[in-house]
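Take a look at the letters that make up each chain.
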Amino acid sequence: MNLARVRGTVVATKRSDKVDGANWLLVEECDQTGKGRGEYLVALDMVGADRGQMVLLTQGSSCRWTTRTDDRPMDTLVVAIVDEIDQAAATVYAQGREE
Amino acid sequence: MNLARVRGTVVATKRSDKVDGANWLLVEECDQTGKGRGEYLVALDMVGADRGQMVLLTQGSSCRWTTRTDDRPMDTLVVAIVDEIDQAAATVYAQGREE
Amino acid sequence: MNLARVRGTVVATKRSDKVDGANWLLVEECDQTGKGRGEYLVALDMVGADRGQMVLLTQGSSCRWTTRTDDRPMDTLVVAIVDEIDQAAATVYAQGREE
Amino acid sequence: MNLARVRGTVVATKRSDKVDGANWLLVEECDQTGKGRGEYLVALDMVGADRGQMVLLTQGSSCRWTTRTDDRPMDTLVVAIVDEIDQAAATVYAQGREE
Amino acid sequence: MNLARVRGTVVATKRSDKVDGANWLLVEECDQTGKGRGEYLVALDMVGADRGQMVLLTQGSSCRWTTRTDDRPMDTLVVAIVDEIDQAAATVYAQGREE
Numbered sequence: 092m093n094l095a096r097v098r099g100t101v102v103a104t105k106r107s108d109k110v111d112g113a114n115w116l117l118v119e120e121c122d123q124t125g126k127g128r129g130e131y132l133v134a135l136d137m138v139g140a141d142r143g144q145m146v147l148l149t150q151g152s153s154c155r156w157t158t159r160t161d162d163r164p165m166d167t168l169v170v171a172i173v174d175e176i177d178q179a180a181a182t183v184y185a186q187g188r189e190e
Numbered sequence: 092m093n094l095a096r097v098r099g100t101v102v103a104t105k106r107s108d109k110v111d112g113a114n115w116l117l118v119e120e121c122d123q124t125g126k127g128r129g130e131y132l133v134a135l136d137m138v139g140a141d142r143g144q145m146v147l148l149t150q151g152s153s154c155r156w157t158t159r160t161d162d163r164p165m166d167t168l169v170v171a172i173v174d175e176i177d178q179a180a181a182t183v184y185a186q187g188r189e190e
Numbered sequence: 092m093n094l095a096r097v098r099g100t101v102v103a104t105k106r107s108d109k110v111d112g113a114n115w116l117l118v119e120e121c122d123q124t125g126k127g128r129g130e131y132l133v134a135l136d137m138v139g140a141d142r143g144q145m146v147l148l149t150q151g152s153s154c155r156w157t158t159r160t161d162d163r164p165m166d167t168l169v170v171a172i173v174d175e176i177d178q179a180a181a182t183v184y185a186q187g188r189e190e
Numbered sequence: 092m093n094l095a096r097v098r099g100t101v102v103a104t105k106r107s108d109k110v111d112g113a114n115w116l117l118v119e120e121c122d123q124t125g126k127g128r129g130e131y132l133v134a135l136d137m138v139g140a141d142r143g144q145m146v147l148l149t150q151g152s153s154c155r156w157t158t159r160t161d162d163r164p165m166d167t168l169v170v171a172i173v174d175e176i177d178q179a180a181a182t183v184y185a186q187g188r189e190e
Numbered sequence: 092m093n094l095a096r097v098r099g100t101v102v103a104t105k106r107s108d109k110v111d112g113a114n115w116l117l118v119e120e121c122d123q124t125g126k127g128r129g130e131y132l133v134a135l136d137m138v139g140a141d142r143g144q145m146v147l148l149t150q151g152s153s154c155r156w157t158t159r160t161d162d163r164p165m166d167t168l169v170v171a172i173v174d175e176i177d178q179a180a181a182t183v184y185a186q187g188r189e190e
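Protein chains in written order, with our numbering: chain A, 92 to 190; chain B, 92 to 190; chain C, 92 to 190; chain D, 92 to 190; chain E, 92 to 190.
No wet-lab data here; the hints were simulated from the structure.
Keep in mind that a hint or two might mislead.
Since copy identity is lost for identical chains, a pair holds within one copy or between any two.
[Claimed, not checked] SDA-like, lysine to any residue: derived pairs with alpha carbons at most 20 Å apart:
no.	residue 1	residue 2
1	Lys105	Ala179
2	Lys105	Gly129
3	Lys126	Gln178
4	Lys105	Asp136
5	Lys126	Asp174
6	Lys126	Arg142
7	Lys126	Ala179
8	Lys105	Arg128
9	Lys126	Thr182
10	Lys105	Ala180
11	Lys126	Asn114
12	Lys105	Glu130
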């Protein structure tokens with residue numbers, strides 16, 4: 092699973108039949124310290140993430156294994172908000188450290 | 092899900108057994124402001140997108156979760172037309188801003 | 092779906108249990124004008140494509156959605172022969188234009 | 092399947108409905124000798140791996156084929172701890188050789 | 092499907108519940124002439140491939156479509172040993188030509 096920062100929102104009123112009602116976020120892939128990589132994706136929000144938070148993304152067909160996404164043509168989900176990342180016994184990211 | 096611009100159409104009369112009737116578009120991957128990246132894909136149109144519009148792509152096996160694509164060997168779908176993208180409280184793309 | 096050119100054939104007599112009888116092609120990924128990228132893949136031919144033709148590839152688990160590939164460990168299929176590609180109101184590829 | 096080193100842990104208390112109880116590790120992709128590549132992922136631990144160990148990752152929808160991950164939106168699993176890798180008749184990695 | 096050379100073996104005694112008994116090979120991705128690219132993967136051997144041979148890999152969830160891999164968290168299989176590759180009417184690889 093990849094790490095990303097929530098950067099904004101995407102509005103799309105004309106959608107294919109099974110995508111109605113989804114809340115799409117603009118996310119930027121980031122490293123384990125929260126630093127953005129300049130690569131942006133659109134992801135369905137499952138957890139109510141706010142702008143600036145680091146989140147975990149699930150991509151590909153694994154996306155369909157939640158109640159809300161069954162049988163929907165989604166390939167990227169926000170499945171968790173990251174609180175903290177520890178690397179080599181040091182905290183390299185904590186949620187207060189938003190940009 | 093990736094962002095792309097509709098750039099043209101693809102005609103193919105000789106197809107494998109389950110692909111008949113699909114409407115294929117030539118799309119160019121783009122960033123969140125609509126700027127093209129020079130990478131082109133072929134995608135099945137689910138929403139009636141026009142040339143120049145920014146669209147959302149679903150890729151991989153997630154593609155089969157719509158009525159029209161069940162059991163078809165498709166790996167890229169156009170599932171929505173993007174109206175607007177907001178990033179860091181500013182509108183970085185709006186649909187009138189076509190190239 | 093990606094575009095590719097048929098470049099040759101692959102012969103393999105020792106195969107895993109469910110792959111017998113497949114006709115494998117050597118294909119080179121190409122851009123929308125048919126220019127090769129130097130990246131080669133092996134794909135199962137579903138449409139009887141000839142050397143030099145531009146074809147559409149389906150990759151990943153979408154491959155299993157045809158009668159001949161159900162339950163076979165295939166991840167790349169040739170699903171159509173491209174006749175023509177139009178981009179920005181101009182024809183950038185037509186099938187007679189083989190290399 | 093890709094090789095990676097366990098580098099740390101990821102804490103996330105706000106999760107989508109089916110991800111509760113998973114133990115997430117921060118892993119760094121590595122080569123066959125255990126040398127890190129600087130690319131970090133988050134993976135669900137299935138085997139009790141410790142920091143520094145080299146592990147095998149399964150990615151994509153193959154992840155759901157274990158009892159603990161059925162129907163969960165996971166796309167990266169740690170499925171084994173590597174003891175030894177032999178290349179060209181020489182041992183290029185052995186588990187004692189942790190960093 | 093990608094081409095690769097068998098380079099060695101991977102030993103892992105601690106595995107997740109459904110991976111017991113698999114025979115893992117260290118493989119290096121290669122081009123259509125058999126030249127290695129320096130990228131190494133771990134693949135489950137379905138065909139009894141020997142070191143130095145060029146093989147065909149199936150990746151992603153297509154891997155589960157064989158009797159031995161049903162319901163196992165595998166994402167890379169060796170599904171065939173390549174005998175010969177012809178490109179532009181010339182033989183660019185033949186199995187005797189091992190490194």
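Subject >> Hint numbers not upheld by this structure, sorted from lowest to highest >> reply: Numbers 1, 2, 8, 10, 11, 12, in rising order.
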